[in-house]
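In the order they appear, the protein sequences are chains A and B. For the first sequence, the positions run 1 to 417 when the working numbering is used. For the second sequence, the positions run 1 to 422 when the working numbering is used.
Watch out, some of these pointers could steer you wrong.
[As the list claims (entries may be wrong)] In the DMTMM-like style, the derived pairs of lysine to aspartate or glutamate whose C-alpha atoms are separated by at most 25 Å in a straight line are:
hint, chain 1, residue 1, chain 2, residue 2
1, B, Lys258, A, Asp415
2, A, Lys417, B, Asp288
3, B, Lys331, B, Asp232
4, A, Lys272, A, Asp227
5, B, Lys61, A, Glu397
6, B, Lys61, A, Asp125
7, B, Lys61, A, Glu314
8, A, Lys235, A, Asp125
9, B, Lys258, A, Asp135
10, A, Lys202, A, Glu112
11, B, Lys290, A, Asp233
12, A, Lys417, B, Asp286
13, B, Lys290, A, Glu397
14, A, Lys202, A, Asp233
15, B, Lys290, A, Glu120
16, B, Lys375, A, Glu112
17, B, Lys331, A, Asp394
18, B, Lys290, A, Asp392
19, B, Lys375, A, Asp415
20, B, Lys258, A, Glu112
21, A, Lys417, B, Glu265
22, B, Lys375, A, Asp392
23, B, Lys375, A, Asp358
24, A, Lys272, A, Asp413
25, B, Lys331, A, Asp413
26, B, Lys281, A, Glu381
27, B, Lys331, A, Asp392
28, A, Lys195, A, Asp244
[Said to hold, decoys possible] Label pairs and their in silico Cβ distance ranges:
hint, chain 1, residue 1, chain 2, residue 2, range
29, A, Arg264, B, Arg406, 21 to 29 Å
30, B, Pro309, A, Ser114, 46 to 54 Å
31, B, Pro309, A, Gln257, 21 to 29 Å
32, A, Gln257, B, Asp94, 47 to 55 Å
33, B, Arg330, A, Arg78, 52 to 60 Å
34, A, Glu75, B, Pro309, 43 to 51 Å
35, B, Glu262, A, Arg83, 32 to 40 Å
36, B, Arg330, A, Glu48, 57 to 65 Å
[Claimed, not checked] Some chain A residues well away from chain B (every beta-carbon gap over 10 Å; in silico):
hint, residue
37, Met101
38, Gln104
39, Pro132
40, Val204
FYI, nobody ran anything at the bench for these hints, they're computed from the structure. By construction, the Cβ of each residue, glycine as well, lies at the ideal position given by its N, Cα and C atoms.
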Amino acid sequence: MKIFKLDRESVRRGMWLALVMMVAFSETRELRAQLAIRAGVLHTMAGEPIPDGVVLVRGRTIEAVGKAGSLVIPEGYRVIRARVATPGLIDAHSAVGLSGMLNQSHDQEQLERSAPVQPELRAFDGYNARDPLIDWVRSLGVTTLHTGHAPGALVSGQTMIVKTHPANVDRAIVNPAAMIASTLGPGALAGEGGKSPGTVAKAVAMVRAELIKASEYARKRAGADPDKRPARDLKLEALTRVLDGTQPLLISVDRHQDILAALRVAAEFKLKVVLDGVADAVLVLEAIKASGFPVIVHPTMARASAQRENLSWETAARLKEAGIPFALQSSFEGYVPKTRVVLFEAAAAAANGLSFHDALASITIDAATLLGVAHRVGSLEVGKDADIALYDGDPFEYTSHCVGVVVSGVVTDQDPK
Amino acid sequence: MTLAATGQERAVAFRGATIVPITGPVIEDGVIVVRAGRIQSVGGPGTAIPGDAEVHDARGKLIMPGLIDTHSHVDIDGGADRSGPIQAGVRILDAINVRGSGMQQAQAGGITTANIMPGSGHLISGQTLYIKLRDANSVEQLMVTNRFGRIAGGLKMANGTNSRRDPPFPGTRAKSAALVREKFIAAREYRDKIERAGGNPEKMPARDLLLESLVEVLNRERVVHHHTHRHDDILTVLRLQREFGFRVVLQHVSEGWKVADEIAEANVPCSIILLDSPGGKLEARDVDWKTGGVLERAGVPTAFHTDDPVTDSRLFLRSAAFAVRAGMSRKAALEGLTLVPARMLDLEDRLGSLEVGKDADFIVLSGDPLSVYTKVLETWVEGVLVFDRNRDKDHLWATGGYGAGRPRAAQLCCFNEFEEDR
Numbered sequence: 001m002k003i004f005k006l007d008r009e010s011v012r013r014g015m016w017l018a019l020v021m022m023v024a025f026s027e028t029r030e031l032r033a034q035l036a037i038r039a040g041v042l043h044t045m046a047g048e049p050i051p052d053g054v055v056l057v058r059g060r061t062i063e064a065v066g067k068a069g070s071l072v073i074p075e076g077y078r079v080i081r082a083r084v085a086t087p088g089l090i091d092a093h094s095a096v097g098l099s100g101m102l103n104q105s106h107d108q109e110q111l112e113r114s115a116p117v118q119p120e121l122r123a124f125d126g127y128n129a130r131d132p133l134i135d136w137v138r139s140l141g142v143t144t145l146h147t148g149h150a151p152g153a154l155v156s157g158q159t160m161i162v163k164t165h166p167a168n169v170d171r172a173i174v175n176p177a178a179m180i181a182s183t184l185g186p187g188a189l190a191g192e193g194g195k196s197p198g199t200v201a202k203a204v205a206m207v208r209a210e211l212i213k214a215s216e217y218a219r220k221r222a223g224a225d226p227d228k229r230p231a232r233d234l235k236l237e238a239l240t241r242v243l244d245g246t247q248p249l250l251i252s253v254d255r256h257q258d259i260l261a262a263l264r265v266a267a268e269f270k271l272k273v274v275l276d277g278v279a280d281a282v283l284v285l286e287a288i289k290a291s292g293f294p295v296i297v298h299p300t301m302a303r304a305s306a307q308r309e310n311l312s313w314e315t316a317a318r319l320k321e322a323g324i325p326f327a328l329q330s331s332f333e334g335y336v337p338k339t340r341v342v343l344f345e346a347a348a349a350a351a352n353g354l355s356f357h358d359a360l361a362s363i364t365i366d367a368a369t370l371l372g373v374a375h376r377v378g379s380l381e382v383g384k385d386a387d388i389a390l391y392d393g394d395p396f397e398y399t400s401h402c403v404g405v406v407v408s409g410v411v412t413d414q415d416p417k
Numbered sequence: 001m002t003l004a005a006t007g008q009e010r011a012v013a014f015r016g017a018t019i020v021p022i023t024g025p026v027i028e029d030g031v032i033v034v035r036a037g038r039i040q041s042v043g044g045p046g047t048a049i050p051g052d053a054e055v056h057d058a059r060g061k062l063i064m065p066g067l068i069d070t071h072s073h074v075d076i077d078g079g080a081d082r083s084g085p086i087q088a089g090v091r092i093l094d095a096i097n098v099r100g101s102g103m104q105q106a107q108a109g110g111i112t113t114a115n116i117m118p119g120s121g122h123l124i125s126g127q128t129l130y131i132k133l134r135d136a137n138s139v140e141q142l143m144v145t146n147r148f149g150r151i152a153g154g155l156k157m158a159n160g161t162n163s164r165r166d167p168p169f170p171g172t173r174a175k176s177a178a179l180v181r182e183k184f185i186a187a188r189e190y191r192d193k194i195e196r197a198g199g200n201p202e203k204m205p206a207r208d209l210l211l212e213s214l215v216e217v218l219n220r221e222r223v224v225h226h227h228t229h230r231h232d233d234i235l236t237v238l239r240l241q242r243e244f245g246f247r248v249v250l251q252h253v254s255e256g257w258k259v260a261d262e263i264a265e266a267n268v269p270c271s272i273i274l275l276d277s278p279g280g281k282l283e284a285r286d287v288d289w290k291t292g293g294v295l296e297r298a299g300v301p302t303a304f305h306t307d308d309p310v311t312d313s314r315l316f317l318r319s320a321a322f323a324v325r326a327g328m329s330r331k332a333a334l335e336g337l338t339l340v341p342a343r344m345l346d347l348e349d350r351l352g353s354l355e356v357g358k359d360a361d362f363i364v365l366s367g368d369p370l371s372v373y374t375k376v377l378e379t380w381v382e383g384v385l386v387f388d389r390n391r392d393k394d395h396l397w398a399t400g401g402y403g404a405g406r407p408r409a410a411q412l413c414c415f416n417e418f419e420e421d422r
C-alpha cells in the first residue's frame, strides 16, 4: 500500500502482522486439505444440475467439477458426501457483522446518526467477524455477505463484501468498498427537532446538493495547480466515486413515489444505482426496467409495515417476469429475529411464483453478478473460490438440513442445522 | 352474512382428501361432512354424504384441524398502561380491532383460534382473549364462552427483563417475584373475605377488578400464560405456580431445553416460538430450534405460537416444521398446532381434532403441512369459509401487495366487499 511509510512504528506493526499471519495460515493449512465433495445432485449454477456430481477442491479454489465416474477423485482427497450441493449462498444485502446478535448498544454498529450524509464511514471498520450471527447464517449455507450500514440515514456509509469464515475481517474481505448505501423515503428522515431531512422532498434536495458539491470538488481536485486544489475531504471523495461509477449508489427505497424520485436523481447525475428493498416495485415495474438498474429485493417474508405496507411475497417472481435482474437479501432487523436468512427468503420466493432454479440463482450466481464478484463466487466452476453448501434434501424445504459448509476451501460446519 | 347461514343450514362435504384427524390415523381418500358448524362425520371413501350436501372435490388436498395459536398480538391497540406493573383488571378484549389486516392474515395462515394477549412489558399485563377467527364486526362475535359461562381467556404474566423498568415497575428479578407474590396473597385474602361473607352484602369486600381476575386464577378457572425466557426465570414461574397452585402455560421458554426435566416434573405445558435466528435481545440469545424435541422427549406437552408480529401468522405451519427439523416428531409437531393448544385453552372438547361433534374448524392444504411449498387453500371456522385463496381479496391477504397493510385501502382500491359477499 502506498501510504505505508517505513517508520519504526510501522515496522514494528508489520512484524506483528507477519507473525499473526504466519500463525493464522499454519492453522488453516491443516483445515484446508484437498477435498472432494460428492453430491447426489450438484447445482453448479453454471449449467444443468449434475446427478452424482463431484467438486474437487485444492487450497482455496475449485480444481475440477464433473460427474462421478468421469471425474476421478485423486488419492488422498478427503471425501464429503451429501444429497445436494450448491454454491455457497450469497446474501446480497445484510447488516450482519455490524448489527450484532445481542442487540445491546455495544454490538450495534449499523447506523451512525450524528449526521444525515456520511459516505466516508466504512463498513469494515465496524465489522465484527466473530459475531455469532455470522456463524448462524454460515451454518445454514451462507458463505458471502454484502453487508454494511443499515437503511435509516440519507447516506449511511460504504458497504463491503466479505466471506463468512471465522477469521478477522481483513482476511475474509472480498471487496472492502462495494457500494455507498443511501436511503430515500420516510425511513431516512431525521425525525423530531427541526433537523434535516424532515421531509422526503428535503431529503432529495440534500442528496442533489451533496452530489453537486462532490462534482465541484472532483473538478477542483483535478486542477493543474496543487495550491488551488481543495484539501482532501473523505466525504466528498466517497461521493466522487458515486459520480464516476466506481462505487454504485445502493438506494434503499420502498414506496413507489420514492422509487421514482431515486430514478430521477440517478438520471440527473448519470449514476450507477442498485435499488434496494423496493416493496412497491410492482407498481412501477416499467420505470425500473427502463432504468436498467438491478434490484436487491426485500426479504420475501419481511414485515409489511410503514413504508413496506404493500410488500408482497410475490415481488421476486414479478421482477423475474419483467426481466429485471435481482437478488435476494436478509436486510436489517432491529429486534427478534435479529437477522433473516437468505436461504429461507429464497425458499419463500420459490413457494410464491419463482422457480427453484431462479430462487437459488437469486442467492448464488445472480447475487454474485449483481455484486460484481461473479469471477470469484456464485457458482461451482473451476478456478472460483471453493465455497460450497451441502444439504440432505431440497435446500428450501423447512425440514431439510444444511449438513456441511465449505468457505474458501475450509470446512467450517458439519453439524446438521 | 349469507355464507354463515349456508354453513349453519346446509351440509358441506369434502371427498377424496388426505385427512389428518390428529386423534386417529391419517385417512386416505377421506370424507368429512360438516353441518350447523359442527363435524357430522369423518371417515374413509365409504362415508355417507347427505343428499343435500354441497360437495367439494378435495382430491390431492389435505384436510386437518384449524390451527390454534396460543400467543398472538394481532390487531390489538395496547393492553395495560405504564402506571404500574400489575394490571390484571385490564382486558385485551376492549382493545381489539376486528377489521385489522392481522385477523385476515391469521385466517390466511390457517389459524382458526388464537389467544390474543397484551404485551410482556408488565408482570401482569391483563386478561387475554381466546377468539375464533370468524369474520366479525365486533369483538363479541369472536368470543368463546368457557365452561364457567364466562368469556374464555387467560391472564398474561411476564418475568425477566421486559417487565423491568423505572419504579413503580420492578428493577430486579427478585423484586418482580415479590410483587407478584404480594398480589396473589392479597387475592387469597380477598377470596377468603368473600367466602367468609357467606353472601352477606354487608360483609363483602368492595369489588376489585384486579383481584377478581387473580381469584379466577387461584381457583384454576383462568390459566396463566407466562412469558419467560431464561432458565432461571422459568424456574421462578414454577416456584410461584407451586406456591399458589395456579394453572400455567410457559410461553416462549427460550431456554426450556436447559430445564426440560424440571418443567416435566412440574407437569406444566409449554408454548414455543421458532425464529429465523437467535438473539435480538439478551434473553433470547440461547433460543434453539431443538427445544420442541427436547421438551417432547422429556414428556412436556408442547404447542407453538406466532407471537405475531414477531413471527407472521401466515407462516405458522413453518414453526412446527422447524421444530421437526431440529428433532421433534412429526406427530407431536402437528398435535402442537392443534390438540395440545386446544387443551391449553381449555377448549379441547370443542377444538383441536377432526372428530364428530367438534367445531367444524379445519383447513384445506395443497399438500404436506410441513412443506415450504404447501399453501393454505381454505380456512373454515364453524362450517363457514373465512379464507379462500382463489378469491382475489383473500389472495391479497395471503401474499401481500398493494393495500394489504390497510384493509380499508384494499377495499377501496381493489375490491367491492358487498358485491363479493352477497
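The hints, checked one at a time:
Our distance criterion of 25 Å between C-alpha atoms is met by B/Lys258 and A/Asp415, whose separation comes to about 20 Å. Distance restraint check for A/Lys417 and B/Asp288: the Cα-Cα separation of roughly 11 Å lies within the 25 Å cut-off, and the hinted pair is therefore satisfied. A distance of roughly 30 Å separates the Cα atoms of B/Lys331 and B/Asp232; the hinted pair therefore is violated under the 25 Å criterion. Proposed proximity of A/Lys272 and A/Asp227 is contradicted: the alpha carbons are some 32 Å apart, above 25 Å.
This hinted pair checks out: B/Lys61 and A/Glu397 have alpha carbons roughly 19 Å apart, not beyond 25 Å. Of the supplied pair hints, the one linking B/Lys61 and A/Asp125 is violated, its CA atoms being roughly 53 Å apart against a limit of 25 Å. A threshold of 25 Å between alpha carbons decides the hint, and for B/Lys61 with A/Glu314 the separation of about 23 Å falls inside it, so the pair holds. Between A/Lys235 and A/Asp125 the alpha-carbon distance is near 16 Å, which keeps this suggested pair within the 25 Å criterion.
For a cut-off of 25 Å, the pair hint linking B/Lys258 to A/Asp135 stands: about 22 Å separates their Cα positions. A C-alpha spacing of about 20 Å is found between A/Lys202 and A/Glu112, which places the hinted pair at or below 25 Å, so the restraint holds. Annotation: proposed proximity of B/Lys290 to A/Asp233 is violated, straight-line Cα distance about 52 Å (limit 25 Å). Between A/Lys417 and B/Asp286, the direct Cα distance comes to roughly 15 Å. Compliance with the 25 Å bound is thereby established for this hinted pair.
For the proposed pair B/Lys290 and A/Glu397, the alpha carbon gap of about 17 Å is at most 25 Å, so the pair holds. Distance check on the hinted pair: A/Lys202 and A/Asp233 sit about 24 Å apart at the alpha-carbon level, within 25 Å; holds. A distance of roughly 43 Å separates the Cα atoms of B/Lys290 and A/Glu120; the hinted pair therefore is violated under the 25 Å criterion. This hinted pair does not check out: B/Lys375 and A/Glu112 have alpha carbons roughly 41 Å apart, beyond 25 Å.
Pair hint B/Lys331 plus A/Asp394 holds up; C-alpha atoms about 22 Å apart against a cutoff of 25 Å. A distance of roughly 18 Å separates the Cα atoms of B/Lys290 and A/Asp392; the hinted pair therefore holds under the 25 Å criterion. A hinted pair counts as satisfied when its Cα atoms are at most 25 Å apart, and B/Lys375 with A/Asp415 does not qualify at roughly 30 Å. At most 25 Å may separate the alpha-carbon atoms for a hinted pair to count; B/Lys258 and A/Glu112 exceed this at roughly 38 Å.
Among the hinted pairs, A/Lys417 with B/Glu265 is inconsistent with the structure: their alpha-carbon atoms are about 29 Å apart, more than 25 Å. With a CA separation close to 23 Å, the supplied pair B/Lys375 and A/Asp392 stays within the 25 Å bound. Distance restraint check for B/Lys375 and A/Asp358: the Cα-Cα separation of roughly 20 Å lies within the 25 Å cut-off, and the hinted pair is therefore satisfied. For the hint linking A/Lys272 to A/Asp413, the alpha-carbon distance of about 37 Å lies beyond 25 Å, and the restraint is violated.
Annotation: proposed proximity of B/Lys331 to A/Asp413 is violated, straight-line Cα distance about 30 Å (limit 25 Å). Straight-line distance between C-alpha atoms of B/Lys281 and A/Glu381 comes to about 40 Å, which puts the hinted pair past the 25 Å bound. Of the pairs offered as hints, the one joining B/Lys331 and A/Asp392 holds, with about 21 Å between alpha carbons and a cut-off of 25 Å not exceeded. Pair hint A/Lys195 plus A/Asp244 does not hold up; C-alpha atoms about 30 Å apart against a cutoff of 25 Å.
For A/Arg264 and B/Arg406, the hinted distance range of 21 to 29 Å is satisfied, since their beta carbons lie about 27 Å from each other. At roughly 30 Å, the beta-carbon separation of B/Pro309 and A/Ser114 lies outside the given 46 to 54 Å, and the hint is violated. B/Pro309 and A/Gln257 have their C-beta atoms about 25 Å apart, which keeps the hinted 21 to 29 Å range intact. Checking the proposed 47 to 55 Å range against A/Gln257 and B/Asp94 shows it is violated: the Cβ atoms sit about 37 Å from each other.
Between B/Arg330 and A/Arg78, the C-beta spacing of about 34 Å breaks the proposed range 52 to 60 Å. Hint check: A/Glu75 to B/Pro309, Cβ distance near 56 Å, so the stated range 43 to 51 Å is violated. At roughly 38 Å, the beta-carbon separation of B/Glu262 and A/Arg83 lies within the given 32 to 40 Å, and the hint holds. Taken as a hint, the range 57 to 65 Å is violated for the pair B/Arg330 and A/Glu48, whose Cβ atoms sit roughly 33 Å apart.
Residue placement check: A/Met101 does not keep its beta carbon more than 10 Å from all beta carbons of chain B (closest about 3 Å). The non-interface label for A/Gln104 is inconsistent with chain B: the shortest C-beta to C-beta separation is roughly 7 Å, within 10 Å. With a least beta-carbon separation of about 7 Å from chain B, A/Pro132 fails to lie farther than 10 Å from that chain, contradicting its non-interface assignment. Under the 10 Å C-beta cut-off, the non-interface status given to A/Val204 relative to chain B holds; the minimum distance is some 23 Å.
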